[in-house]
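Asker: Just so you know, the sequences run in chain order A and B. One point on numbering: in this note's numbering, the residue at position 159 of the first sequence is 159, and numbering is uninterrupted. Take the position in the second sequence, starting the count at 1, then add 1000; the result is the number in this note's numbering.
There may be inaccurate statements among the hints.
What the hints assert, rightly or not - With a straight-line Cα cutoff of 20 Å, these simulated EDC-like cross-link-like pairs (lysine to aspartate or glutamate) come out:
| no. | chain 1 | residue 1 | chain 2 | residue 2 |
| --- | --- | --- | --- | --- |
| 1 | B | K1551 | A | D155 |
| 2 | B | K1180 | A | E122 |
| 3 | B | K1580 | A | E195 |
| 4 | B | K1499 | A | D217 |
| 5 | B | K1580 | A | E335 |
| 6 | B | K1581 | A | D197 |
| 7 | B | K1581 | A | E194 |
| 8 | B | K1551 | A | D120 |
| 9 | B | K1201 | B | E1107 |
| 10 | B | K1499 | A | E215 |
Source of the hints: derived by calculation from the structure; they are not laboratory data. Just so you know, these numbers come straight off a predicted model, no measurement behind them.
Next come the chains, spelled out residue by residue.
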Amino acid sequence: MNAMEIQGRAYPFTALVGQERMKQALILNGINPGLGGVLIRGEKGTAKSTAVRALADLLPARNQVKGCLYACDPLDMAHLCAACRERLAAGETLVTESGKMRVIELPVSATEDRVVGTLDIEQALKTGTKKFEAGILAQANRNILYVDEVNLLEDHLVDLLLDAAAMGVNTVEREGVSFSHPARFVLVGTMNPEEGDLRPQLLDRFGLVVDVIGERDPVLRMEVVRRRLEFEQDPEAFQVRYAPEQEKLRRRIRAAQEFLPYVRWNEQILELVARLAIHLEVDGHRADLSLVKTAVTLAAYEGRASVSVQDVLTAAKLALPHRMRRRPFEEGVLEWAEVEKFVRQFTEAAEERPAQQGSVQVSG
Amino acid sequence: MKARSPIFPFPAVTGQESVKKALILGVINPAIGGVLISGEKGTAKSTLVRGLAALLPDREVVDLPLNISADRLVGSLDFEYAIASGQRRFEPGLLQRADGQILYVDEVNLLNEPIANILAQAAASGMNVVEQEGISFLHPTRFVLVGTMNPEEGALRPQLLERFGLFVEVDGCREAEERKEIIRRYLAFEADPQACVRKWKPSMEELSRRVQEARTHLVQVEVTEDNLKLAVDLTAAGHCAGNRAELVLIEAARALAAWGGRTLITLKDLQEAAHLALPHRMRTAETGAQGTETGAQQRPEDHQDFGQKKHPEERKRAEQRNREHRQADDPSAGEEPEDGVGAKYGTKDGKSSGEGSGNGQRSKAAPEDNESSEGSLAETGSVPSSDEGEGGADDRSEGSERQGRSAVQPTWGGTAAERIEGAEERFAIRFTFPPLVRKARKGSGKRSRTRSQTGQGRFVRAARPQGKARDIALVAILRAAASRPQERFSREGTGSAVKVLPEDLREKVREKRIGHTILFLVDLSGSMGVERRIKVVKGAIFSLLEDAYQKRDKVALIAFRGNSAELILGITRSVERARKKLQVLPTGGKTPLAQGLSLSYEFLQAARAQDADLAPLLVIISDGRANVSLHGTDPAEEALAIAGRIGQAGIPAWVIDSEQGFIRLGLALKLARSLGGQYSRLEDWERMVAMSPKA
Ligand SMILES: [Zn+2]
Chain A
1 MNAMEIQGRA
11 YPFTALVGQE
21 RMKQALILNG
31 INPGLGGVLI
41 RGEKGTAKST
51 AVRALADLLP
61 ARNQVKGCLY
71 ACDPLDMAHL
81 CAACRERLAA
91 GETLVTESGK
101 MRVIELPVSA
111 TEDRVVGTLD
121 IEQALKTGTK
131 KFEAGILAQA
141 NRNILYVDEV
151 NLLEDHLVDL
161 LLDAAAMGVN
171 TVEREGVSFS
181 HPARFVLVGT
191 MNPEEGDLRP
201 QLLDRFGLVV
211 DVIGERDPVL
221 RMEVVRRRLE
231 FEQDPEAFQV
241 RYAPEQEKLR
251 RRIRAAQEFL
261 PYVRWNEQIL
271 ELVARLAIHL
281 EVDGHRADLS
291 LVKTAVTLAA
301 YEGRASVSVQ
311 DVLTAAKLAL
321 PHRMRRRPFE
331 EGVLEWAEVE
341 KFVRQFTEAA
351 EERPAQQGSV
361 QVSG
Chain B
1001 MKARSPIFPF
1011 PAVTGQESVK
1021 KALILGVINP
1031 AIGGVLISGE
1041 KGTAKSTLVR
1051 GLAALLPDRE
1061 VVDLPLNISA
1071 DRLVGSLDFE
1081 YAIASGQRRF
1091 EPGLLQRADG
1101 QILYVDEVNL
1111 LNEPIANILA
1121 QAAASGMNVV
1131 EQEGISFLHP
1141 TRFVLVGTMN
1151 PEEGALRPQL
1161 LERFGLFVEV
1171 DGCREAEERK
1181 EIIRRYLAFE
1191 ADPQACVRKW
1201 KPSMEELSRR
1211 VQEARTHLVQ
1221 VEVTEDNLKL
1231 AVDLTAAGHC
1241 AGNRAELVLI
1251 EAARALAAWG
1261 GRTLITLKDL
1271 QEAAHLALPH
1281 RMRTAETGAQ
1291 GTETGAQQRP
1301 EDHQDFGQKK
1311 HPEERKRAEQ
1321 RNREHRQADD
1331 PSAGEEPEDG
1341 VGAKYGTKDG
1351 KSSGEGSGNG
1361 QRSKAAPEDN
1371 ESSEGSLAET
1381 GSVPSSDEGE
1391 GGADDRSEGS
1401 ERQGRSAVQP
1411 TWGGTAAERI
1421 EGAEERFAIR
1431 FTFPPLVRKA
1441 RKGSGKRSRT
1451 RSQTGQGRFV
1461 RAARPQGKAR
1471 DIALVAILRA
1481 AASRPQERFS
1491 REGTGSAVKV
1501 LPEDLREKVR
1511 EKRIGHTILF
1521 LVDLSGSMGV
1531 ERRIKVVKGA
1541 IFSLLEDAYQ
1551 KRDKVALIAF
1561 RGNSAELILG
1571 ITRSVERARK
1581 KLQVLPTGGK
1591 TPLAQGLSLS
1601 YEFLQAARAQ
1611 DADLAPLLVI
1621 ISDGRANVSL
1631 HGTDPAEEAL
1641 AIAGRIGQAG
1651 IPAWVIDSEQ
1661 GFIRLGLALK
1671 LARSLGGQYS
1681 RLEDWERMVA
1691 MSPKA
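Okay, chain A solo, but in the shape it has when bound (with noise of 0.2 Å):
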């Protein structure tokens, strides 16, 4: 299915040449599930569903439940299954075990009951009863959901995205199935803007934007080849030879995620957010939160304790150029000097006031 995984072997995320946005992007989910996903935008052929799945390959393991088809976090009592929740009330302790965060795909044209799961068939027929059958929205839970070519996704499976990404649950109340289940995963979408466009509502629940661009550099171009071709010929070998980094790498991430509920950030940095946010005149209030909570990660991301003006301009970058627009197909067009001469005014004058001191904790 996948040209850029060999024999189960996933192309090693650290071989990837270049795109250096995406890979941040997609990292930076990694290190933070609740950032909201990332939706990539650009021409075919730019090997955004392999760094995905090598993004999955290279993510170091999490806790599950043991035999959990949600895979729960055990210590997440907020967001457990009913199963899970049954067996803590019926005194039995949940076994934790070790694993991988996995890409759950959804196909353009999968069908309703695929998605939200639908009434085990067999079962009806064989025996009159009922038992609901999970669908792609059940793996997903914990999971990187990834929909390739997501702006030709058709109208009702946008809808049914959008519900089960604003509760964090999946209701299915369809052909005498009555059934909910938690839905948490981290959304990753790719589209060629060229198709067609996003629908505004989904757009703006996906936390981060990169635009792709086919490298144009002659020299990257064929070393992109030439990885390829060696990980086609000896994909052992290949991930052996970026091991070292790929270990580096998983290690950074593993850190991250365990310092990111320390990070800390200043009220200068909320008043940055928020008036920025104001003078962008975006919709609602997701891109604020987007924007510091993506600063924060990227503060532990960097080992930081604190988040920095830079951080929220990085962060800006990602988080803010969907979310410009005033009403459909009115593009709003981040204007990044704009954004950048909106900071350091901001900054010039905050130099000027005493600086106000104070700090909240905040994971994802």
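Chain A is already provided as a structure; the job is to place chain B with the ligand on it using the hints.
Answerer: Chain B with the ligand alone, transformed into the frame defined by chain A:
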């Protein structure tokens, strides 16, 4: 079974006071009929609704997911039980669970029609009646209906809209301190939901206690004759349809009095109630044309001063506008346009002018509209018309309501008027597809074709198959089979739990929003005149493009000027691209109308050859002039001949006449007749734009 996530505390939501108030009133007095919250994305709409339940010890929020199927909504035969015991039993649906609770529909404007109808009916009658597969069942379902919607995605169906007692708009906050507080509270909640809930517990309890008190206090609130009289006056001033408005107004005012611990309703209660109960019931009586709607949502203060308006300046402008509208609508007060916007040029009955377009169209359009998925007439048909017997101008205004969108298009409007200001080529009043054009689009019979054959689309209900069943509805089959006595059927050896007979066969009825393929043929020649004119033309098209987006149409664009016509943009789902292309197109030169029509014809025919399901619509924006010959004959004749061919090919067309000035040639009208299509005048829309306060 419900997975329960921690809920953001209701009082912790910063600002949004009117939404909070409306929700609280809604639960204090269920007779109000619930609350509709409309606003841009990311404004804590659903957070507040969920928080509401936590406030009430005896109420839960029952979610109605968009993809609910009819059987789960109304309930059905419990096939599991039937197979196991041979007995028929009713398996309750969501309407039973919602009885006495809060029924919540997120993105309520995206609900499909069959489900919306069931919901509207249940909300209206307070009863759920199920009659199917040998069981009949009836139970009360009295719920507080709460809906949230983002108006970017389209208007709410009128029959559902009127069911909502109160209507509130939300907007993001533009104040730095408040924004900061919002960030703080949300991130604190995300970091530790339980701690956050603990922190807000005292405020929750206090609020909860107050709501409880108000609920018990409600019965003691008296309604005086004066109250009733004022309520009637207020609704009359707001031109509200039906008499539900007064009722809701009174109930909301009662709730307000109870909330304030009073037993008497004050003037202020009624005024405040009016702000919540009336906005979505206002008829846009001043907007004298079909196919248009005011960008600015009509608010009570447009008609009467409720004493809460911030800017006297704004009020003055609104009054001014009303005066002008009234003048424009009064045939004796000025020049009456000979054709209403969107008037139909009937090729069959020969009716050709604006007179009679109102009533005549209404009766003609009705049967078809009943069938439609986005139908408006059938739905608004239930809205009682209170202004029976008024003049022709008013008939046309009803048309805009019948279209099903005039009532609520809130966030474009009101505050939106300000937003539009900065944007180039944006106008306070939107230009949308008139109902008759939509009717033409429906006439293509798309819906029935798409619904049974593909496995795509949203499953709505099961039905007996017409012809060979392709998309099997298993559960419905099991129910049908299980509803028959099964005693003699032995499970052993058959591998099946129930004996299925051919008559048990059911298939899935799916619904899919099918867009149409709209080709815009735009005249950019010199005859279109000055820059200002082109700006209006482009503004109208941008407006239509927005409408097209909401209907999930595809668009294509052909322009003509100089000596030729050119395909500017092939069929695309990206309305944005059409907009961009149009923005930069040069104008001026001669007018090769025949070339434009000819290219359009070939283009649409080729597209139809490729895709049999394509539902084309040709929109022509031109003054109808033609001065470049295609075959060396008279250019005007050539254009009309091709138009005739387009009409014969069954391509629905709509001509938007851009002619203006003292000397009228009426060429676009001729063109519309040759096409057998609809005709509108850009000027009519322009005049309304000019009259709107933000023009
Ligand atoms: Zn679980």
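Asker: For the pair we were handed, B/K1580 and A/E335, check the Cα-Cα distance against 20 Å.
Answerer: Since the Cα atoms of B/K1580 and A/E335 sit roughly 18 Å apart, the hinted pair holds (cutoff 20 Å).
Asker: Take the C-alpha atoms of B/K1201 and B/E1107, compute the straight-line distance between them, and say whether it is at most 20 Å.
Answerer: violated, 29 Å
Asker: Given the hinted pair B/K1581 and A/D197, is their Cα-Cα distance within 20 Å?
Answerer: Status holds; Cα separation ~15 Å.
Asker: Next pair to validate is B/K1499 with A/D217; report whether the Cα-Cα distance is within 20 Å.
Answerer: Violated: B/K1499 and A/D217 sit about 68 Å apart, past 20 Å.
Asker: Could you grab the alpha-carbon distance between B/K1180 and A/E122 and see if it respects the 20 Å cut-off?
Answerer: violated, 53 Å
Asker: Given the hint that B/K1551 pairs with A/D120, does the C-alpha gap stay at or below 20 Å?
Answerer: Distance of about 35 Å is beyond 20 Å: violated.
Asker: Against the 20 Å threshold, does the CA-CA distance of B/K1499 and A/E215 hold or violate the hint?
Answerer: Not satisfied, since the Cα-Cα distance of roughly 62 Å exceeds 20 Å.
Asker: Hey, B/K1581 versus A/E194, does the alpha-carbon distance stay inside 20 Å?
Answerer: Given pair B/K1581, A/E194 holds - Cα atoms ~13 Å apart, limit 20 Å.
Asker: Starting from B/K1551, check that the Cα of A/D155 is at most 20 Å away, please.
Answerer: holds, 11 Å
Asker: Would the hint linking B/K1580 and A/E195 be met if the CA-CA limit is 20 Å?
Answerer: At roughly 15 Å apart (the allowed maximum being 20 Å), A/E195 and B/K1580 satisfy the hint.
The structure shown violates the earlier hints numbered 2, 4, 8, 9, 10.
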